[in-house]
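So the protein lines, in turn, are chains L and E. 171 is the number that our numbering gives the last residue of the first sequence; the numbers go up by one with no jumps. 685 is the number that our numbering gives the last residue of the second sequence; the numbers go up by one with no jumps.
These are calculated hints, taken from the structure and not from any lab test. Here a beta-carbon is modelled for each residue, glycine too, at the ideal position from N, C-alpha and C. Any given hint might turn out to be false.
Covered stretches of chain L (chain E as the covering partner; in silico rule of three or more C-beta atoms under 8 angstroms from a C-beta of chain E) [what the hints assert, rightly or not]: (1) 42-51; (2) 114-123; (3) 147-158.
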Amino acid sequence: MASGPESAGGASRWASRGAIDAVVGTVAFAVGAIVVFDSMSMGAGWANGSPQPGYFPLRIGAIICLAATSIVVRAVLRARRGDGIFVRWSQLRRVLAVFGPMLAYILAIAWLGIYVASALFVAGFMRVAGRYGWAKSLVVGAAAGAVLFWLFEIQFLVPLPKGPLEGWLGY
Amino acid sequence: MDQAALLFHGFSVALTGYNVWLMLAGILLGVLVGVLPGLGAPNGVAILLPLTFTMPPTSAVIMLSCMYWGALFGGAITSILFNIPGEPSSVATTFDGYPLAQKGRAAEALTSAFTGSFIGAFVGILLITFLAPVVAKFALEFGPPEFFAVYLLTFCSFIGIGKDPADKTILAMMLGFGMAAVGMDTMSGLLRLTFGSPALMQGIDFLVVVIGLFGIGEILVTMEEGLHFEGKSARINPRVVLQTWAKLPRYWVTLVRSAAIGCWMGITPGGATAASFMGYGLAKRFSRDPDEFGKGQMEGVLAPETAAHASGTSALLPMLVLGIPGSATAAVLLGGLMIWGLEPGPLLFQQQPDFVWGLIASMYLGNIAGLIVVLSTVPLFAAILRIPFSIVAPLIIVVCAVGAYTVHNSMFDVWLMALFGGVGYFFKKLDYPLAPLVLSLVLGDKAEDAFRQTMLGSKGSLAIFWSNPLVGSITTVALVLLCWPLAASLWRRSRLARRVGIPAGAAGDGGTTA
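Isolated chain L (complex conformation) (with noise of 0.2 angstroms):
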């Protein structure tokens, strides 16, 4: 979902509310469009005297679409009088600054397994967003990994993604 800020001049540019509202109306709407679809390739009538699996849901999307038309119509309305901001890119960059590194996060999963993931994710997050050194950040880091494994792999006995690191010590 991209949400492109509008210039509205140099250092504090900001994106309008009524803006995103538009764009996240019309992605409703074609989250709806899709279940409309999906549901006549399906059969949305009646067969053989019962509904058929397509008929509840496409009212649901037939559903959406409106209230989707509703919303976009009312943010076009709204922002042609101009109103509030959604968000300022300060704002959006400290928002970003969480999202990106949880991406990765959930990347390295797979090739780390989650323990290791964990512990650099939550050391490279305080040594970059929290400016700490890099042997508490570590420390921390380090810390919550080796107390997620204790409580999930011998505590609880529920199987979490484990990697190379795992593997090596014998797990």
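On the provided structure of chain L, position chain E as indicated by the hints.
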């Protein structure tokens, strides 16, 4: 008395060592979850739920419901000491709680908040104890049309009572139904909305959605402001507690009024947040000196907390009796019931008395234990809040990721959680209500089954929803609630247009927020 005997049996179920231990663990985790921004009762319960799959259902529900009470208690701590509502339902508590803390009366404010919560919850539990079995007996007569009509009433009352724009409420709700339809169709066995993806064949799990929307979404919204917590410190000693309690009888009207509002808003899905605002608003209106509100009035802390807790507790009544949860957390608990293999609804009272009465007894015990725990551990939780957010935020994300993964042991769910985190961020900022989405996602399949069975019986005629007085009146009330916002806004516009003399279309659109 019948109920009393059943309740005593319930106490004997709840008072085993194992269950009491789980109760305390649940309360402590709940307070923690309620205190930390980004972790609330719905996603706290959702994260813990997969770990309870192997427990006996009664123990599991005791732990998770105690977590819910703990979170309700915990929300007040951050509101009063930090002016940051840890839960949406404790926003109204900040109005007078934080000013009290600034005046150095934090301990008094906390004591009144906790005691108010406790009284509210207690009234809610009494209501459940005596009303639930009666309603359950009544609901035994329900067939598919009645059940669908009650579902319809639940969803329409979100639109009619909720303060969010009607089109956004409808959209959120329908997205939930749409997601519930993903995967195998329960009646025909055909795959719906999977687009050939094997990962989607299992369907979209509501737990993953809750963790994403409420957990990750909340973190993203919180990060915008780049948090710097500045809190007041508090230590509660028994003397302050007793002094505060001595003042309570003075406010009995407020307590009774708030508890009543809370119970009503909990049974109808108005929600704890709306209840707390209403409790606060009415206390202010009926007060002899309303100008003192907002400056640190004890009544201003008691009123919203009592209402919020009464509402949170009585939200379990429709969940147990009809299988219709009155709040997002109750929806997650309901999903848990189905995972543990229990069929929520009126039959639960007949077939699983141990479970039902064990749960109800644990509510009494859990709230008493909760009151003692929070009164004694405030300094500890206030200290946790002083941990910088740059450490807490990644830890919360890790906990959410682990929680999402353990639902089905699948990485796909973790990605889904991230996606819904993004969705939650936009929805929260644009005033889309999240509770109806969760509710319809949990209830989607059951509502659809009820609808299709009804249609099967009536050969597709909608007249069956008016075929007897019971189902007819429920359906009619539902439709009135559905049309309520539309009628109200049309009426407002026409009045405005007449007064100002401009065409109705150009007059301000209803339901926008400041």
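Task: 8 angstroms C-beta criterion, at least three residues: is the segment 114-123 of chain L covered by chain E - done: holds (count 4)
- [ ] Examine the segment 42-51 of chain L for residues whose CB is less than 8 angstroms from any CB of chain E, and state whether their number is three or more.
- [x] holds (count 5)
Task: Per-stretch coverage check for the segment 147-158 of chain L, three Cβ contacts closer than 8 angstroms to chain E - done: Contact hint for the segment 147-158 of chain L vs chain E: holds, 4 residues under 8 angstroms.
Checked against the numbered hints given earlier, the structure satisfies every one of them.
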